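**Student:** The chain contents come next:
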Amino acid sequence: MNNFLNNLIIYNGYPLSIVVAVSFHSLILAFLIWLQSTSSAESLELVQPTIIKALFIDENPQVRNQRTIEQQRIREIEREEQRRVQQERELEQEVDRQRQEDEQQRAALIEREELERQLQLAQQEELERERREREQEQEDRETRELAAKQQQEAERRREIAEKAAAEAVAQAARTEFELVQSATAIIQQAVQQVWNRPPSARNGMRAILQIQMLPTGELLDARITQSSGDPAFDRASENAVYSAAPFTELRDLPINIFNANFRTLSLIFQPEDLLN
Amino acid sequence: MDDGISLIELILNASFAVQLVMFILFLLSIISWVIIVQRWLVLSSARKGVFSFEQRFWSGMDLSQLYKEGTQMQQENIQVVGMENIFRAGFKEFMRLRQQGSVDGEAIMEGAQRAMRVAYSREEEKLEKNLPFLATVGSVSPYVGLFGTVIGIMNAFLGLAAQAQATLQVVAPGIAEALFATGMGLFAAIPAVVAFNRYSALLDNVTSSYITFTDEFSSILHRQIHTN
Numbered sequence: 123m124n125n126f127l128n129n130l131i132i133y134n135g136y137p138l139s140i141v142v143a144v145s146f147h148s149l150i151l152a153f154l155i156w157l158q159s160t161s162s163a164e165s166l167e168l169v170q171p172t173i174i175k176a177l178f179i180d181e182n183p184q185v186r187n188q189r190t191i192e193q194q195r196i197r198e199i200e201r202e203e204q205r206r207v208q209q210e211r212e213l214e215q216e217v218d219r220q221r222q223e224d225e226q227q228r229a230a231l232i233e234r235e236e237l238e239r240q241l242q243l244a245q246q247e248e249l250e251r252e253r254r255e256r257e258q259e260q261e262d263r264e265t266r267e268l269a270a271k272q273q274q275e276a277e278r279r280r281e282i283a284e285k286a287a288a289e290a291v292a293q294a295a296r297t298e299f300e301l302v303q304s305a306t307a308i309i310q311q312a313v314q315q316v317w318n319r320p321p322s323a324r325n326g327m328r329a330i331l332q333i334q335m336l337p338t339g340e341l342l343d344a345r346i347t348q349s350s351g352d353p354a355f356d357r358a359s360e361n362a363v364y365s366a367a368p369f370t371e372l373r374d375l376p377i378n379i380f381n382a383n384f385r386t387l388s389l390i391f392q393p394e395d396l397l398n
Numbered sequence: 006m007d008d009g010i011s012l013i014e015l016i017l018n019a020s021f022a023v024q025l026v027m028f029i030l031f032l033l034s035i036i037s038w039v040i041i042v043q044r045w046l047v048l049s050s051a052r053k054g055v056f057s058f059e060q061r062f063w064s065g066m067d068l069s070q071l072y073k074e075g076t077q078m079q080q081e082n083i084q085v086v087g088m089e090n091i092f093r094a095g096f097k098e099f100m101r102l103r104q105q106g107s108v109d110g111e112a113i114m115e116g117a118q119r120a121m122r123v124a125y126s127r128e129e130e131k132l133e134k135n136l137p138f139l140a141t142v143g144s145v146s147p148y149v150g151l152f153g154t155v156i157g158i159m160n161a162f163l164g165l166a167a168q169a170q171a172t173l174q175v176v177a178p179g180i181a182e183a184l185f186a187t188g189m190g191l192f193a194a195i196p197a198v199v200a201f202n203r204y205s206a207l208l209d210n211v212t213s214s215y216i217t218f219t220d221e222f223s224s225i226l227h228r229q230i231h232t233n
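Residue numbers (my numbering), protein chains in the order written: chain A, 123 to 398; chain B, 6 to 233.
One thing to keep in mind: the hints can contain errors.
To be verified - A few chain A residues facing chain B, derived, Cβ under 8 angstroms:
(1) GLY135
(2) TYR136
(3) LEU138
(4) ALA143
(5) VAL144
(6) PHE146
(7) HIS147
(8) LEU149
(9) LEU154
(10) ILE155
(11) GLN158
(12) THR160
(13) VAL207
Said to hold, decoys possible - Part of the chain B face toward chain A, derived, beta carbon under 10 angstroms:
(14) ILE29
(15) SER37
(16) PHE162
(17) LEU165
It should be emphasised that the hints constitute simulated quantities derived from the structure, not laboratory data.
From a predicted model like this one, the values you see are computed outputs, not experimental measurements.
Glycine residues also receive a C-beta, built at the ideal position from the N, C-alpha and C atoms.
Kindly generate the complete structure, drawing on both the sequences and the hints.
**Tutor:** Structural data, given as structure tokens:
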């Protein structure tokens, strides 16, 4: 036993202890890294705070434009489909009518053959005329279909052009987006800080204010576009906007961005953190 | 950012001061662990040496025989440690003074005791070596870690001041990195303090048994002088 210990403490035991200490630390480091790698696999779910002081939705004209363009496109597609359906229905009707006519004529022919052979010639003439008419109709139909096809192609081309334009707008908007976002955040904060909610305010109340601003950040006008139903609440939100103005931060914005986004702005006042 | 920051990223992205503090703490932790293990080996072997030597000493063996055994062990390149060293120093001095013959009993006793005292303090020094370092690490490294934390949080708040829109995501990594420095400080300090306390107790135990042995041995020598 004494021998064993003596062997352990060669050079006062330094080599052994250095090995032990270094391996201990590297073990702990490896464990920490392993822990990290396993815990990062299952990402932590962000718990959204339940208390939100106010919600603001800016009526962004760009977004609105994009939305209307999209709606138009959808409407056009719908219209086109309706048109196609109608055309098909017309075609079917025509075919039906022709078939009926044919049958009638054939019946008449048999009768006439049986009863009067003299009228055969005249009837033949009539038949020929009808055939001619039918041919003409077919030709008409073909020309109509061609026209429709051309129209469709033109529409498709227009759609592609529209899509490209929308994409270009989106790209520009992406760079604008951050500016707009930070400016709206500033406005939001400023209004939130001075918003005194009346005692009659309840969770879920909702007042929408449309404000008009100048490029200097001054407030031109604020009016309630959707009342919450509580006059005190409406007044309080109006007061908040008036006392938060002017929004001097808007001066730094490029004028085109201001015009596009902040000339008129809709603010939604909706308390969600009240205790009642 | 989305699914948490990894620890390595956190350390690599820390500011220079915090990184320096972390590095120092890591180094301190490694060194203190080296000392912990090495002291453990030394102190435990010393304690075992006390037991085994006391057994041999009180087994009724002739003292000169015991001394010869020690010399033999030294010739075989086995280290003679602890209590045996004290015994050998005292016995050697005692025998040498006795062989001169002219010296009186009290002087022989004094010489032997002095030799044992010297050997004792040498042994104690051997056992105590590096223990103050553990004490220093234990008391200082929390402060070093705290220093890193303060610097890190300061940086985080400076970054926060530069932000127009302050969010938790801006400060959180800085604070996490800062707190990691404190964590490392505590990680280095806790084992050092525990080991220091444990080893001090062990050291007291061993040295007190050395002192007891010294007294017992000198009483035996004293008896030997006065019986002759």
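**Student:** Under 8 angstroms, Cβ to Cβ, is where A:HIS147 needs to be relative to chain B, so tell me if that hint holds or is violated.
**Tutor:** Because about 6 angstroms separates A:HIS147 from the closest Cβ in chain B, which is inside the 8 angstroms limit, the hint holds.
**Student:** Does B:PHE162 pass the interface check with chain A, least Cβ-Cβ distance below 10 angstroms?
**Tutor:** At 19 angstroms from the nearest chain A Cβ, B:PHE162 fails the 10 angstroms test, so the hint is violated.
**Student:** Mind checking the CB of A:ALA143 against every CB in chain B and telling me if the closest is under 8 angstroms?
**Tutor:** holds (3 angstroms)
**Student:** Hold the hint about B:LEU165 up to the distance rule: shortest CB distance to chain A must be less than 10 angstroms.
**Tutor:** It is violated, given that the least Cβ distance between B:LEU165 and chain A is near 15 angstroms, above 10 angstroms.
**Student:** Given A:GLN158 as an interface hint, is the shortest Cβ-Cβ distance to chain B below 8 angstroms?
**Tutor:** holds (5 angstroms)
**Student:** Answer holds if the nearest beta-carbon of chain B is closer than 8 angstroms to that of A:LEU138; otherwise answer violated.
**Tutor:** Check passed: Cβ of A:LEU138 comes within 7 angstroms of chain B, closer than 8 angstroms.
**Student:** Let's test the interface hint: is any C-beta of chain B closer than 8 angstroms to that of A:LEU149?
**Tutor:** violated (11 angstroms)
**Student:** Does A:THR160 pass the interface hint, meaning its C-beta sits closer than 8 angstroms to a C-beta of chain B?
**Tutor:** With Cβ-Cβ at 11 angstroms, over 8 angstroms, it is violated.
**Student:** Is the shortest C-beta separation between A:LEU154 and chain B less than 8 angstroms?
**Tutor:** holds (6 angstroms)
**Student:** Per the CB criterion, is A:VAL207 less than 8 angstroms away from chain B?
**Tutor:** Because about 48 angstroms separates A:VAL207 from the closest Cβ in chain B, which is outside the 8 angstroms limit, the hint is violated.
**Student:** Answer holds if the nearest beta-carbon of chain B is closer than 8 angstroms to that of A:ILE155; otherwise answer violated.
**Tutor:** Holds - the Cβ of A:ILE155 comes within 8 angstroms of chain B, reaching about 7 angstroms at its closest.
**Student:** How about A:GLY135: closest beta carbon in chain B under 8 angstroms, or not?
**Tutor:** For A:GLY135, the interface hint holds, since the closest Cβ of chain B sits about 4 angstroms away, which is under 8 angstroms.
The earlier numbered hints that this structure contradicts are 8, 12, 13, 14, 16, 17.
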